[in-house]
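A.B. asks: Top line first, the protein sequences correspond to chains A and B. Using this note's numbering, you'd call the opening residue of the first sequence number 1 and step up by one each time. Using this note's numbering, you'd call the opening residue of the second sequence number 1 and step up by one each time.
All clues given are correct.
Below 20 Å or equal to it, Euclidean Cα-Cα: the simulated EDC-like pairs (lysine to aspartate or glutamate) are:
| no. | chain 1 | residue 1 | chain 2 | residue 2 |
| --- | --- | --- | --- | --- |
| 1 | A | 213 | A | 168 |
| 2 | A | 213 | A | 171 |
| 3 | B | 84 | A | 83 |
| 4 | A | 125 | B | 83 |
| 5 | B | 47 | B | 36 |
| 6 | B | 125 | A | 54 |
| 7 | A | 21 | A | 44 |
| 8 | B | 125 | B | 174 |
| 9 | A | 84 | B | 83 |
| 10 | A | 165 | A | 189 |
| 11 | B | 84 | A | 124 |
| 12 | B | 163 | B | 190 |
| 13 | A | 42 | A | 22 |
| 14 | A | 125 | B | 52 |
| 15 | B | 21 | B | 39 |
| 16 | A | 21 | A | 39 |
| 17 | B | 21 | B | 68 |
| 18 | A | 212 | A | 168 |
| 19 | A | 165 | A | 191 |
| 20 | B | 34 | B | 52 |
| 21 | B | 165 | B | 190 |
| 22 | A | 125 | B | 54 |
| 23 | A | 47 | A | 65 |
| 24 | A | 84 | B | 124 |
| 25 | A | 25 | A | 65 |
| 26 | A | 47 | A | 36 |
| 27 | B | 125 | A | 83 |
| 28 | B | 125 | A | 52 |
| 29 | B | 196 | B | 209 |
| 30 | B | 47 | B | 24 |
Please keep in mind that the hints were generated in silico from the structure rather than gathered at the bench. This one's a predicted model, so the numbers in the text were calculated from it and none came from an experiment.
2 protein chains.
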Amino acid sequence: MRVLVIGANGQIGRHLVKLLKDSDKHEVRAMVRKQEQADEFKADGIKAVLADLEGPVSDIAAAADGCDAVVFTAGSGGSTGADKTLLIDLDGAVKSVEAAEEAGAARFLMVSAIQAHNRSNWSEKIRHYFSAKHYADRMLMNSSLTYTIVRPGGLTNDSGSGKVKAAENLERADIPREDVAAVLYAALDEENTYHKGFDLVSGDDTPAEALKKL
Amino acid sequence: MRVLVIGANGQIGRHLVKLLKDSDKHEVRAMVRKQEQADEFKADGIKAVLADLEGPVSDIAAAADGCDAVVFTAGSGGSTGADKTLLIDLDGAVKSVEAAEEAGAARFLMVSAIQAHNRSNWSEKIRHYFSAKHYADRMLMNSSLTYTIVRPGGLTNDSGSGKVKAAENLERADIPREDVAAVLYAALDEENTYHKGFDLVSGDDTPAEALKKL
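With the rest of the complex left out, here is chain A (with noise of 0.2 Å):
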């Protein structure tokens, strides 16, 4: 597959990126928003192309055109205001899907929160972080995609330890953002993932293992 990774820059992007640039099977393109970070991502050997969030989707569809698939890594951030969280999280993330219709990119995969789609357990601190994650997710579910979406508990920046846990629902827990980037490349063409939702925490199973479960 070719994988437009939007979000590349980001830390879970950095660890996919990766993962896909080493890959066999894949091919890899990031999408980023400087023209730095895409110069940064062209000394490595990876192909990088820009487009903003903010921007039309069809600057978007532009950056994902070629691609077999395409992965939603990308974030507001937390020392930003909820009307960003808005503007990225939620219609950046369903402009994405848009783009990926536009472009013919059938599947998608999107990064989304632990229990996003359960209103009762979201955190009371970030609600509205919460909100936005969830209707990007259902904006999804709506599209004509083949999508998986994956709602790890609290990120952390450990070195992944290549084992983790899967389930429709799952009690809040870590997980390092490397093993989440491992996740999602395993998810990429297994079918078991397709049209699912799934939290995801660390445990004792292999990406593939875990899904295998799903």
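Starting from the known structure of chain A, fit chain B onto it as the hints suggest.
C.D. replies: Frame of chain A, contents of chain B only:
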């Protein structure tokens, strides 16, 4: 029709409740958040129910029990943060849609904002607000309800002129809240508005005439 007005204590809501109360063909129920607001309506002989848009869908569904139609006129208001925009204007609106489905209230009218369906015309200063309205509208369109999405221009507190203009796309202009309420009232059982959204500003037609032209 028995009509639940959500956001009955707001300005459009109050106008609409009055029209419904004075109507021969409809019956009104005002949904409000605070007991003193409910008491005020009850003192005027209007049935009122308490429910919070930040609460569970089941509470809103209980408020809609036995109703044929739901009109969403609520809004977080201009003075709150974007987090409330997400939780009221988006999540509160969609919870109302789900509550209407749960309660079997098949008709749903949404008060949206002019050009909310068209990202390229969102006001730069409050793009996040338009984004919230946009997705609330799209979630309603994806629901099982017989919807009408009314997208008024700049809202004023002027007395209604009784004359409006409605079309799928209009240039931004003002409209008194009282006229928006009159259009909602006229749209309730106007089949020509079913499964449609339209922009709305002041104009030359009565609400009934304007809705016939859609």
